[in-house]
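Given the structure of chain Z, go ahead and fit chain R onto it with the hints provided.
Take a look at the letters that make up each chain.
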Amino acid sequence: MKRLIPCLLLLLPAFAAAESPWRLGVAMGYGERSNPLLNSDDLPIVVDLDIAYFGKHFFFDNGDVGLTFADNDRVTASVMARVRSDRVFFGRSNTRFVNIGSTGQSLESPTEITVPDRDYAAEAGVELLSDGRWGYLQLNAFHDISGTHNGYEFDLDYGVGFRAGLWYLRPSFGLSYKSAALNDYYWGVRPSEANEALPAYEAGAGVNTRVRLSANYFFSRNWQLNLSAEYERLNDEAAGSPIVTDQAVLGYFAGFGYRF
Amino acid sequence: MKRLLLSLLFLLPLAAAADGGAEDEARLTVKPLLCIVDERTPSCNLRFLITWWAHETGYYCVNSDLDSAALRCWDEARTGRHEDDREVSGSFRYWLNRGDDQAELASATVEVLRKDGDDRRRRRRTKYVWDLL
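Protein chains in written order, with this note's numbering: chain Z, 1 to 260; chain R, 1001 to 1133.
Next comes chain Z alone, as it looks inside the complex (with noise of 0.2 Å):
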């Protein structure tokens, strides 16, 4: 990746062309998105590169891969590959040693609360993109094919954007709903991991909501001020967990873009 992202930048001027099939850019700034689990760290996000290539029928979008086989008037539909990263959230968190036990009670001696640890999952399934003067639709379906949760998602996005002189705005939300599987290999408490400080927990299914509303401000083609700010509830499933503290994922950002 260090290697790659030099290389790209170095042809820049090829991938400057009109109708070119790339999508480069890169965002500057200062961004968190709050850390759900006990024990955790937020996440900064000072750079955001966007590096994308769509074909006629190929394309890679910032680590989603996808194959179109369907675009008309009203709907493109792919079938898509992608790594869920909600592994992220679990690489950020710090070990603790509690006195009091899941239900109150004093312990005999402190118990380390850690929590577990969870990998990244490859995932396959399908995409369908729609759009019109009311906005724009995005509908996907991914199961896991890495054999890390066994589970799957369906989720949708709507969104719709407003110009204002030369700034764009665009509000969007969506619904995500997660499987048991999923729910659980995440979120879950398994009976080997659990000690007195620490309950087993199952997750069942659940939906996420989200809403986010996007700012742009373009000083030129190129140059922009990008603000961005989202709000995600977690689905009572996964909230009611012991390694979860809270039901909210913020994030923001805010910064300057460049899009080549």
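Just to be clear, a hint being listed does not mean it is correct.
To be verified - Computed footprint of chain R on chain Z; a stretch qualifies when at least three of its residues, placed anywhere within it, have a C-beta under 8 Å from a C-beta of chain R:
#1 27-38
#2 43-49
#3 131-139
#4 224-231
Claimed, not checked - Quick list of the computed label-pair ranges, beta carbon to beta carbon:
#5 R/Thr-1029 / Z/Gly-165: 17 to 25 Å
#6 R/Gly-1117 / Z/Thr-209: 23 to 31 Å
#7 Z/Asp-42 / R/Leu-1066: 47 to 55 Å
#8 Z/Val-211 / R/Arg-1047: 33 to 41 Å
#9 Z/Arg-221 / R/Arg-1047: 18 to 26 Å
#10 R/Arg-1047 / Z/Arg-133: 22 to 30 Å
#11 R/Thr-1079 / Z/Arg-133: 43 to 51 Å
#12 R/Asp-1100 / Z/Trp-167: 16 to 24 Å
#13 Z/Gly-135 / R/Arg-1072: 38 to 46 Å
#14 Z/Asn-72 / R/Glu-1087: 39 to 47 Å
#15 Z/Trp-167 / R/Ala-1103: 36 to 44 Å
#16 R/Thr-1051 / Z/Tyr-30: 43 to 51 Å
To be clear, the hints were calculated from the coordinates, so they are not data collected in a lab.
Heads up, the beta-carbon is just placed ideally off N, CA and C, and yes, glycines get one too.
Leaving out everything else, chain R in the frame of chain Z:
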């Protein structure tokens, strides 16, 4: 890696400025230079402020790609200012010449940035934890 990206970002405006400095017989500035459109708002109604400056006093005209005749001409002038109300849905240029002489002395391009191209996939959202844009 971060240093490389920062260096490139800071060098880009300098490169653009150096390119624009090549035209020194006359200068033309236009404000604004950008219009954003999408399917809901396919055009911009803008008032363009066009100002120009030349080394030598003479006969000068401001033209645009969208008009067959000059927008306005000045005689025995070195500077000029003109306002042009226009509905814009595509990129075009304003340029300065010496009337009958079609050689361009200076030009400025008004760019139209489409937020919804033909390819829907360019507007799709990825769902990575670090994706906030």
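Taking the hints in turn, this is what the structure says about them:
1. 27-38: holds (count 4)
2. 43-49: It holds: at least three residues are needed, and the segment 43-49 of chain Z offers 4 whose Cβ sits within less than 8 Å of chain R.
3. 131-139: Our answer is that it holds, as 5 residues pass the Cβ test (under 8 Å) against chain R, meeting three.
4. 224-231: holds (count 3)
5. R/Thr-1029 / Z/Gly-165: 17 to 25 Å: holds (19 Å)
6. R/Gly-1117 / Z/Thr-209: 23 to 31 Å: For R/Gly-1117 and Z/Thr-209 the Cβ distance comes to about 29 Å; the hint holds.
7. Z/Asp-42 / R/Leu-1066: 47 to 55 Å: holds (51 Å)
8. Z/Val-211 / R/Arg-1047: 33 to 41 Å: Cβ of Z/Val-211 to Cβ of R/Arg-1047: about 36 Å, so the range 33 to 41 Å holds.
9. Z/Arg-221 / R/Arg-1047: 18 to 26 Å: Roughly 20 Å apart at Cβ, these two residues keep to the hinted range, so it holds.
10. R/Arg-1047 / Z/Arg-133: 22 to 30 Å: holds (26 Å)
11. R/Thr-1079 / Z/Arg-133: 43 to 51 Å: Since R/Thr-1079 and Z/Arg-133 have Cβ atoms about 44 Å apart, the given range 43 to 51 Å holds.
12. R/Asp-1100 / Z/Trp-167: 16 to 24 Å: At 43 Å between Cβs, range violated.
13. Z/Gly-135 / R/Arg-1072: 38 to 46 Å: holds (42 Å)
14. Z/Asn-72 / R/Glu-1087: 39 to 47 Å: Check failed, 30 Å falls outside 39 to 47 Å.
15. Z/Trp-167 / R/Ala-1103: 36 to 44 Å: holds (38 Å)
16. R/Thr-1051 / Z/Tyr-30: 43 to 51 Å: Since the Cβ atoms of R/Thr-1051 and Z/Tyr-30 sit about 38 Å apart, the hinted range of 43 to 51 Å is violated.
Comparing the model with each numbered hint stated earlier shows that hints 12, 14 and 16 do not hold.
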